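Fit chain F to the supplied structure of chain R, relying on the hints for placement.
Protein chains: 2
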Amino acid sequence: MLTLHHNPFAISAVAAIVLEELELDYTPVLVDFRVTAQQAPAYLALNPKGRVPTLETPSGVLTETGAILDYLAAVHGPHLVPDDAFQAARMRETMYYLAATLHVNYAHALRGARWADAEASWADMTAKAPHTMAASLAYLEGHLDFAPFAIGSSLTLADPWLFVLTGFATRLHIDLAQFPNLSAHQVLMNDRYAVRAARTKGMMA
Amino acid sequence: MLTLHHNPFAISAVAAIVLEELELDYTPVLVDFRVTAQQAPAYLALNPKGRVPTLETPSGVLTETGAILDYLAAVHGPHLVPDDAFQAARMRETMYYLAATLHVNYAHALRGARWADAEASWADMTAKAPHTMAASLAYLEGHLDFAPFAIGSSLTLADPWLFVLTGFATRLHIDLAQFPNLSAHQVLMNDRYAVRAARTKGMMA
Numbered sequence: 011m012l013t014l015h016h017n018p019f020a021i022s023a024v025a026a027i028v029l030e031e032l033e034l035d036y037t038p039v040l041v042d043f044r045v046t047a048q049q050a051p052a053y054l055a056l057n058p059k060g061r062v063p064t065l066e067t068p069s070g071v072l073t074e075t076g077a078i079l080d081y082l083a084a085v086h087g088p089h090l091v092p093d094d095a096f097q098a099a100r101m102r103e104t105m106y107y108l109a110a111t112l113h114v115n116y117a118h119a120l121r122g123a124r125w126a127d128a129e130a131s132w133a134d135m136t137a138k139a140p141h142t143m144a145a146s147l148a149y150l151e152g153h154l155d156f157a158p159f160a161i162g163s164s165l166t167l168a169d170p171w172l173f174v175l176t177g178f179a180t181r182l183h184i185d186l187a188q189f190p191n192l193s194a195h196q197v198l199m200n201d202r203y204a205v206r207a208a209r210t211k212g213m214m215a
Numbered sequence: 011m012l013t014l015h016h017n018p019f020a021i022s023a024v025a026a027i028v029l030e031e032l033e034l035d036y037t038p039v040l041v042d043f044r045v046t047a048q049q050a051p052a053y054l055a056l057n058p059k060g061r062v063p064t065l066e067t068p069s070g071v072l073t074e075t076g077a078i079l080d081y082l083a084a085v086h087g088p089h090l091v092p093d094d095a096f097q098a099a100r101m102r103e104t105m106y107y108l109a110a111t112l113h114v115n116y117a118h119a120l121r122g123a124r125w126a127d128a129e130a131s132w133a134d135m136t137a138k139a140p141h142t143m144a145a146s147l148a149y150l151e152g153h154l155d156f157a158p159f160a161i162g163s164s165l166t167l168a169d170p171w172l173f174v175l176t177g178f179a180t181r182l183h184i185d186l187a188q189f190p191n192l193s194a195h196q197v198l199m200n201d202r203y204a205v206r207a208a209r210t211k212g213m214m215a
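Quick note, the sequences are listed as chains R and F, same order.
Numbered per this note's numbering, the first sequence spans residues 11 to 215.
Numbered per this note's numbering, the second sequence spans residues 11 to 215.
These aren't lab readings, by the way, just hints derived from the structure by calculation.
All values derive from a computational prediction rather than experimental measurement.
For every residue, glycine included, the Cβ atom is placed at its ideal position computed from N, Cα and C.
Please note that a few of the clues may not be correct.
Unchecked claim - Computed list of chain R residues with no C-beta within reach of chain F, every gap over 12 angstroms: (1) W132; (2) P158; (3) A187; (4) A207.
To be verified - Okay, the calculated bits of chain F under chain R, using three or more residues with CB under 8 angstroms as the criterion: (5) 69–79; (6) 103–114; (7) 128–141.
Extracted from the complex, chain R is given alone in its bound form (with noise of 0.2 angstroms):
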């Protein structure tokens, strides 16, 4: 059994995708931001690091949204990721640009107690993120291949992350009409099965 705790606001909706993508059942738990749920002791015994998603294996807990997807793929689809060892580096390359570039500038707009004490530092931060998330959109739109997916001609691991992190930057204002690759990308993912099942199912506002 899987379970996985998430918030439809955050950067877990991209499990609930795949999760969709292979079919599998899973239990969704709501880690709910309004009463800090994230920081509750019974949450914190299974992720220390109070974020989501938590995906609940039947070997054990996981963590971060790239291991997650990894493991569902290898467990459950192999598919999901390119057969040819260097597009699968590719994929990765992708995915760590996602966690470690773009959601990094994305979360400067919001999160800036993260990394700086003082009010002014944030408001410093949050005036410069809507250009530091453009500019990584930016190269995501020239560099991926978009054939239609992001990696090819199939959907890998990737295509999730980049449509629910590229849907993050219109909450900064930025106008995604500018990159449109990524904005036929966004239209191609909207439509999938698996995207409206974790929309309805409130895994993804």
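Just chain F now, with coordinates in the frame of chain R:
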């Protein structure tokens, strides 16, 4: 043929150690930050992100430490990834945490200009970075196996990365003695042939 574009003070040392662990032939190319070589047009043509590492492979160019490591293991050394899917996922959980949390916390000590524009904001980030980095190290200290490697009894891709980034902590005057498991891991890794070879070749400061 493999060509690694690197700087001995940067995270590219991780890829160099893995190349040495696998005893692969590779050509190192120094990206000299003192002359901003990472922004030279020829380098940006290879890696538009202007960062290291960049690995040229027979199939094309790869960036992002995590993608390069997984590629090298897939093609040349599958023993560096646990056979068990859950243990492999724990390895990648560690790798994503190193890339997207620990390294990001460290980067705020020196690279505040990525995320804010005011000098006061950079000073704020620099002051906080030793605390956020120490908190990340404390999490890893309590979470990993250290048996004696990060994930179990064999070296995996997570180990060289953990080794190099933990070493960076001393640049922020963090006393590693408070983390006995990480300290023992530093000693274990420091005495490996691959680490000595990487240092001898100027791949690691």
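Hey, is A207/R genuinely clear of chain F, shortest beta carbon separation above 12 angstroms?
Fine: 24 angstroms to the nearest Cβ keeps A207/R off the interface.
Please count how many residues of the stretch 69–79 of chain F have a CB within 8 angstroms of a CB from chain R and say whether that reaches 3.
holds (count 9)
Does the no-contact call for P158/R survive, Cβ to all of chain F over 12 angstroms?
holds, 20 angstroms
Non-interface claim for A187/R, where every Cβ of chain F lies beyond 12 angstroms:
Check passes; 22 angstroms lies beyond 12 angstroms.
Please count how many residues of the stretch 128–141 of chain F have a CB within 8 angstroms of a CB from chain R and say whether that reaches 3.
holds (count 8)
A cut-off of 12 angstroms on Cβ-Cβ distance, and W132/R was said to be off the interface with chain F. Does that hold?
violated, 9 angstroms
Counting residues of the stretch 103–114 of chain F that have a beta-carbon nearer than 8 angstroms to any beta-carbon of chain R, does the count reach 3?
Result for this restraint: holds, n = 9.
Of the hints listed earlier, the one the structure fails to meet is number 1.
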